[in-house]
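S.K.: Chains as they are written, first to last, in my numbering: chain A, 1 to 485; chain B, 486 to 940.
Rather than coming from a laboratory, the hints here were simulated on the basis of the structure. The reader is advised that the hints may include incorrect statements.
Claimed, not checked - Using 20 Å as the maximum straight-line C-alpha spacing, the simulated EDC-like pairs for lysine to aspartate or glutamate come out as follows:
1) A:K382 - B:E511
2) B:K528 - B:E511
3) A:K223 - A:E381
4) A:K359 - A:E387
5) B:K810 - B:D756
6) B:K767 - B:E742
7) B:K767 - A:E381
8) B:K767 - A:E260
9) A:K359 - A:D266
10) A:K378 - B:E763
11) B:K567 - B:D534
12) B:K935 - B:E511
13) A:K223 - A:E372
14) A:K378 - B:D756
15) B:K767 - A:D442
16) B:K492 - B:D557
17) B:K917 - B:E874
18) B:K929 - B:D756
19) B:K767 - A:D390
20) A:K382 - B:D689
21) B:K724 - A:E372
22) A:K359 - B:E763
23) A:K378 - B:E874
24) B:K893 - B:D689
25) A:K382 - A:E260
26) A:K359 - A:E372
27) A:K382 - B:D515
Since the structure is predicted, the reported quantities are computational estimates derived from the model, not experimental observations.
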Amino acid sequence: MNLFLLYLRIIAVIAAMLALFQVPTLALAWRFGEETAPFLMTMLITLAIAMLFFFTRGIVFAGLRARDGVVAVVLGWFVMIVLGSLPYQLAGAMRGVDAIFESASGFTTTGSTVLGDIEALPQGLLFWRSTTQWIGGMGILLLAVAILPYLGVGGAQIMKAEMPGFKKDKLAPRVADSARILWGIYILLTLLCGLGYMLAGMPPLDAVHHAFTTISIGGFSPKNASLGAYAPAVQWCAILFMIAAGINYVLYYRVLVTREWHTLRDEELKWYGIVILGVAMFTTLAAFASTASANHHDALLHGLFQAVSLVTNTGYANVDWETWPLYVQLILMTIAITGAMSGSTTGGIKMIRAIVLFKVLTAVINRMLTQERVIAIKINEKRIPPELLDGVMALGFAITLTIALATIILASMDVDLPTAFSAALTTLINVGPGIGLVGPMDNFGAIPDNGKWLLVVLMVTGRLEVFTVLILFVPHFWKPHAILT
Amino acid sequence: MRNSPMKVVIFGAGLVGEAVGRHIAEQGHDLCFIESNINTVRKVREQMDVQIVHGAGEDQDVLREARIQEADLILALTNQDKSNIILTLISRSLNPNARIVLRVKDDAFLNNHQLWQFRDLNDTMIISPERAVIEKAIHILDVQHAFDLVDFPDNGVRVAGFRLGPNNVLANRPLREAIPTLPSELLLVVGAQRGEEVFIPTGDTVLQSGDRICMTLPPGISLPVILPMLGKSYIQQQKFVIVGGGPIAVNIARQLERRGRQVVMIESDYDHCQTLAEMLSKTVILHGDPTDANLLGRAITPQTVFLAMTDQQEVNFFIALLARKRGAMQVVSMMDNEAYFSLAPELGVDAILSPRAAAVGSILRFARAGRVLDADILLGGRLNLFLAEVEEGSRLDGSLLKELNLPKGMIVAASIRGSRVAVPHGNLRLNKGDRALLVLQQGKASLLDKWIAQA
Chain A
1 MNLFLLYLRI IAVIAAMLAL FQVPTLALAW RFGEETAPFL MTMLITLAIA
51 MLFFFTRGIV FAGLRARDGV VAVVLGWFVM IVLGSLPYQL AGAMRGVDAI
101 FESASGFTTT GSTVLGDIEA LPQGLLFWRS TTQWIGGMGI LLLAVAILPY
151 LGVGGAQIMK AEMPGFKKDK LAPRVADSAR ILWGIYILLT LLCGLGYMLA
201 GMPPLDAVHH AFTTISIGGF SPKNASLGAY APAVQWCAIL FMIAAGINYV
251 LYYRVLVTRE WHTLRDEELK WYGIVILGVA MFTTLAAFAS TASANHHDAL
301 LHGLFQAVSL VTNTGYANVD WETWPLYVQL ILMTIAITGA MSGSTTGGIK
351 MIRAIVLFKV LTAVINRMLT QERVIAIKIN EKRIPPELLD GVMALGFAIT
401 LTIALATIIL ASMDVDLPTA FSAALTTLIN VGPGIGLVGP MDNFGAIPDN
451 GKWLLVVLMV TGRLEVFTVL ILFVPHFWKP HAILT
Chain B
486 MRNSPMKVVI FGAGLVGEAV GRHIAEQGHD LCFIESNINT VRKVREQMDV
536 QIVHGAGEDQ DVLREARIQE ADLILALTNQ DKSNIILTLI SRSLNPNARI
586 VLRVKDDAFL NNHQLWQFRD LNDTMIISPE RAVIEKAIHI LDVQHAFDLV
636 DFPDNGVRVA GFRLGPNNVL ANRPLREAIP TLPSELLLVV GAQRGEEVFI
686 PTGDTVLQSG DRICMTLPPG ISLPVILPML GKSYIQQQKF VIVGGGPIAV
736 NIARQLERRG RQVVMIESDY DHCQTLAEML SKTVILHGDP TDANLLGRAI
786 TPQTVFLAMT DQQEVNFFIA LLARKRGAMQ VVSMMDNEAY FSLAPELGVD
836 AILSPRAAAV GSILRFARAG RVLDADILLG GRLNLFLAEV EEGSRLDGSL
886 LKELNLPKGM IVAASIRGSR VAVPHGNLRL NKGDRALLVL QQGKASLLDK
936 WIAQA
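Okay, chain B solo, but in the shape it has when bound:
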């Protein structure tokens, strides 16, 4: 039985809506946007092969045109919290059975637990870009030098992104020779980026220093052993310097404190410094201009993980650059403008924290369907990760990996049977009921069904 395509309605084709929609459409689902801004409507029409209805989400005719009653999944992703809540209520009244995901930014709404227990809201999924990015940041900071990290906590699999440093063991030879030098069989390179090009490596691929690679990290792997093999040095006592004291930064600092890390936070507004000093117990609060090179210089050591988290992206860029020049071991910057994403690595920004991108990842986790148990993205959406159950009679069922002849742009990154993560080597046989972590390149998501679902 093939998974029948879902009918998905997305309110708002803004940056988050569009990014989520792109992934959903790629998986072969029927997608309809409802968008009130005519310029956005035009842009989406030009770029994507989806239905788009121009008009207000509250409008009965618009909703009828989008066939909201038939939708399996409804996503309220406008950038207004109140609109999203109202659209959720309207959708629920028209379609009691659909799954609904709604995006909420404001903490006042998020923390209002009574609101979410309300009859028509209590079975909706709430996605907060801020919370998503905090979670993302903590994941990344837990693994030194990682520029991205996707965690499937229930299945014991993590996929982390690293930039290969000099003197690593992977580069300059075919991967089939390089991989066995790694200490664990469970380590597998599942994706790589060189310049603008993203590819899924095979045994013949030759990596180079400076490539950004995505690799599976089995639980209990020892970073002090692994990092030098990737050309990175492991630092025993990391020190975190966070510039900017916004809510996201405070939450990250709090989590780091809880892990016993040493945190310094620099904030330019004196009154806000006072508030920060009250909110955070162990973090050292410094009052100063974020662009004060002298102050940054004193705060940064070779053990420093530097987080540029002011609310101005350009300032973040600039101070990240300063931090890189001062020799911080890792530079992380918060930015939401996708135009900057590709510039970042060249300017010495190791990792980007984007609330919007993080939200897309979280939404995809809820927007999955059929045999897909979990999903996420890596390399800014250039790689799709799907955790899927192998269906009886599907192409994966019962066959040896080496005989599968997987198409280009697709790889089995891990297979999980029960609670055991198995090595995805050539002689592994996947069976029905196993969970497989599949990595697909952007644009190949439609391959998924072909391999995991019954033919």
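Chain A extracted, bound-state conformation:
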């Protein structure tokens, strides 16, 4: 099997998808009488690349190995980021590295931006920006698997590499069906969310923008003040849908389709609720004490909103929470590492892994107290197999290590500590805002160019759940015949 042709096909498929998604953007730009050339150009380029598909015509990539899926997905994502940055560059809105950063932040649903004045962008570019988040949320390759059954690229390996999750259970026997179910729920949630925003009084176009970036847990907003620019009703609506977007899609499926109500007695769901409420307690208290919240209702809204936004990793802001005490900011930053539930579009390590890590920690301590104790790490009364446990602990360590290394590298570029640490964390976890120079009401423009490249890599690493990218740095990986794969 010629792997080069496989990669070519993946790239062609991604380009074709991007070309497709240019259409609404193009239409919008035309409707507002803006310059349509950047989008037309992008469309032509992506279509040209999509033509490469014909070189790979008729080849069935059966028996794809896990490693091939990994390379294809990582490669695909970087190509996607570059192609996605074309509209920004061709419109002359941003320099190369900034455009790449914005594109990466979009597709990885991070939500960080290099733009100081977002509202200055033309409508077309703004819409493209939100679209990238929506595409990236559930994953473009997963969409390809869902709608192109004859993709013939071993969907299972692609899905494993791209789909965020813990056990990565398939919902249906066939990968394509699973992908369709996931995208179906995703689209349904997006529609409901958009409708909710409109009912809450948001202008229709803004509602689409925010539906895209809420359900993908991205956090881009076409407004400088983020959700702060809208009425409280809209913000309450945002809270609701951020929470909804952070719930495991498998649960939606089990409740809506197979009617297994008992699946709602889910340990991860329980802790998702507890963590949100716990964090909200701190943030609401901070908001009460802060002058940024005018009254009690505002304080509650601001506190809960920020808690949900950070726990789910959305990254919206409705208040400048840098006016809150530093410890509350740090709570928000560190809880973001946890993220919302597995099987959703959230970032971070996912709630379930955090629960497992805590259970391992308690087990270790209990074993220190009583050597003879045998403790099974269980979720929903089911034991986690040892290899999954290893994966969780390794991921916890990999995330910590990556954040530490990235902070050191950023610090070497004369970035101050809060900024360096929070920038590394917020991009790896796909949150969006950090603290210091990259706070919720600031942007990443102040980060040196080399630092931005690093953050782009971090964003992709985080979106693909770390290991998919880390594996590329393992020397063995590049020696195909050195070990069995």
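We have chain A; now place chain B onto it with these hints.
M.R.: Positioned in the frame of chain A, the structure of chain B alone reads:
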């Protein structure tokens, strides 16, 4: 109308079959064993006055000889599950009207609900020794310090066995003086064991510390009040230590968890520990040798109820002894060898869990006939309990208890009218339709009919 004796056929005269048969024969029923092992056949012939047919239960001639077609009750009690199921099917085909009880051990069979809904199996009674002993264990553990407990849940009566501790209020004076000091009129000592001797006490009986007594426990009785009167201390927060992680132990642990009790389980096989940790949610699983005195010492406190439940009876004995020495408040041991039963109290084992004995109790509940509504055994079968309806014109009907002049070895432990449990004192009048809980000594079961049935 006298209850006509039932015709009972038992497949298998092994330990369970023999024990059940003994009780059934004692009640005056016609009993026929079918047994293939010639040694067992000889033993039964020597010891019991029953018919026994030597041969395989599947054999047509054997079945004809046992007159299976005429049987009212058929018990399949061999120690092979599959044999019992096949014998049930054969019996059913030959005798569609008989009640059939069958003994099944394997969980795979027990949990196969579709199997039991099968046409020829769905009206049989299934007895599992394991399930019976689990139920027994839970009953015993629900009442602190009890060494045995028989529950008639539909009638609100329980009979519990306690060993009298030092400084109790019952001992060293005639019972007629001691009983009124108890807080409830419904508390009645219905049986006692001193050494090997089992007797039914009268007002003149003088109990001693160390006697094992059986007494009725009315619903809602307060154990913190009652236990000190029996010379036992009530422990607020019991802690359960179970050694051995077999299926019975796991089930007991699960039930205890459900009651919010603190449970520690010790198991020697590491891989099995992992499985246990998965199966049980709140139980603390410890990996260690059951005979590790150090580990046991750390696990046992004066609040500990200790359950020795490994699959080796001798090990159970030994660790029970260790637990007793370490000061556990109650020591329970699982064993099935009757030869050990009498040794147990002397070695500090408070209660014995025997799947076989528990199965006998359950089978007797189904094997009853006529006016007997429910039945069970206490003190390893030395006492028989019968819950029976008083028949019109019987000797119990309409007479005052004190005038009855009940024979030695028989006592009315409780009388139930409607849902009310009445005090069985001298001035109580039993009427037809009342239910009476009668306790009879071993060998006196034939008295039953004489008193509850029409003369």
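S.K.: If a hint holds in the structure, say so; if it does not, say that too.
M.R.: Each hint tested on the structure:
1. A hinted pair counts as satisfied when its Cα atoms are at most 20 Å apart, and K382 (chain A) with E511 (chain B) does not qualify at roughly 51 Å.
2. With a CA separation close to 18 Å, the supplied pair K528 (chain B) and E511 (chain B) stays within the 20 Å bound.
3. For the hint linking K223 (chain A) to E381 (chain A), the alpha-carbon distance of about 45 Å lies beyond 20 Å, and the restraint is violated.
4. This hinted pair checks out: K359 (chain A) and E387 (chain A) have alpha carbons roughly 16 Å apart, not beyond 20 Å.
5. For the given pair, K810 (chain B) sits about 30 Å from D756 (chain B) by alpha-carbon distance, which is inconsistent with the 20 Å threshold.
6. With a C-alpha separation of about 7 Å, the suggested pair K767 (chain B) and E742 (chain B) falls inside the 20 Å cut-off, and the hint holds.
7. Between K767 (chain B) and E381 (chain A), the direct Cα distance comes to roughly 11 Å. Compliance with the 20 Å bound is thereby established for this hinted pair.
8. Restraint check: the Cα-Cα separation between K767 (chain B) and E260 (chain A) comes to about 26 Å, which exceeds 20 Å; the hinted pair is violated.
9. A distance of roughly 16 Å separates the Cα atoms of K359 (chain A) and D266 (chain A); the hinted pair therefore holds under the 20 Å criterion.
10. Note on K378 (chain A) and E763 (chain B): the hinted pairing holds, with a Cα-Cα distance of about 7 Å set against a maximum of 20 Å.
11. Distance hint between K567 (chain B) and D534 (chain B) is unfulfilled; the C-alpha atoms sit about 29 Å from each other, more than 20 Å.
12. The suggested pairing of K935 (chain B) with E511 (chain B) holds, with an alpha-carbon distance near 13 Å, which does not exceed 20 Å.
13. Distance check on the hinted pair: K223 (chain A) and E372 (chain A) sit about 59 Å apart at the alpha-carbon level, beyond 20 Å; violated.
14. Using a Cα cut-off of 20 Å, the hinted pair K378 (chain A) and D756 (chain B) holds, with the two alpha carbons roughly 16 Å apart.
15. For the hint linking K767 (chain B) to D442 (chain A), the alpha-carbon distance of about 49 Å lies beyond 20 Å, and the restraint is violated.
16. Our distance criterion of 20 Å between C-alpha atoms is met by K492 (chain B) and D557 (chain B), whose separation comes to about 5 Å.
17. Of the pairs offered as hints, the one joining K917 (chain B) and E874 (chain B) holds, with about 7 Å between alpha carbons and a cut-off of 20 Å not exceeded.
18. Taken as a hint, the K929 (chain B) and D756 (chain B) pair is broken in the structure, with Cα atoms around 51 Å apart against an allowance of 20 Å.
19. Simply put, K767 (chain B) and D390 (chain A) have alpha-carbon atoms about 24 Å apart, too far for the 20 Å limit, and the pair is violated.
20. For the hint pairing K382 (chain A) with D689 (chain B), the CA-to-CA distance comes to about 60 Å; that exceeds 20 Å, so the pair is violated.
21. With a CA separation close to 18 Å, the supplied pair K724 (chain B) and E372 (chain A) stays within the 20 Å bound.
22. Straight-line distance between C-alpha atoms of K359 (chain A) and E763 (chain B) comes to about 14 Å, which keeps the hinted pair within the 20 Å bound.
23. Under the criterion of a C-alpha separation no larger than 20 Å, the hint pairing K378 (chain A) with E874 (chain B) is inconsistent with the structure, at around 52 Å.
24. Straight-line distance between C-alpha atoms of K893 (chain B) and D689 (chain B) comes to about 13 Å, which keeps the hinted pair within the 20 Å bound.
25. Straight-line distance between C-alpha atoms of K382 (chain A) and E260 (chain A) comes to about 18 Å, which keeps the hinted pair within the 20 Å bound.
26. The hinted pair formed by K359 (chain A) and E372 (chain A) meets the criterion: a straight-line CA distance of about 17 Å does not exceed 20 Å.
27. For the hint linking K382 (chain A) to D515 (chain B), the alpha-carbon distance of about 53 Å lies beyond 20 Å, and the restraint is violated.
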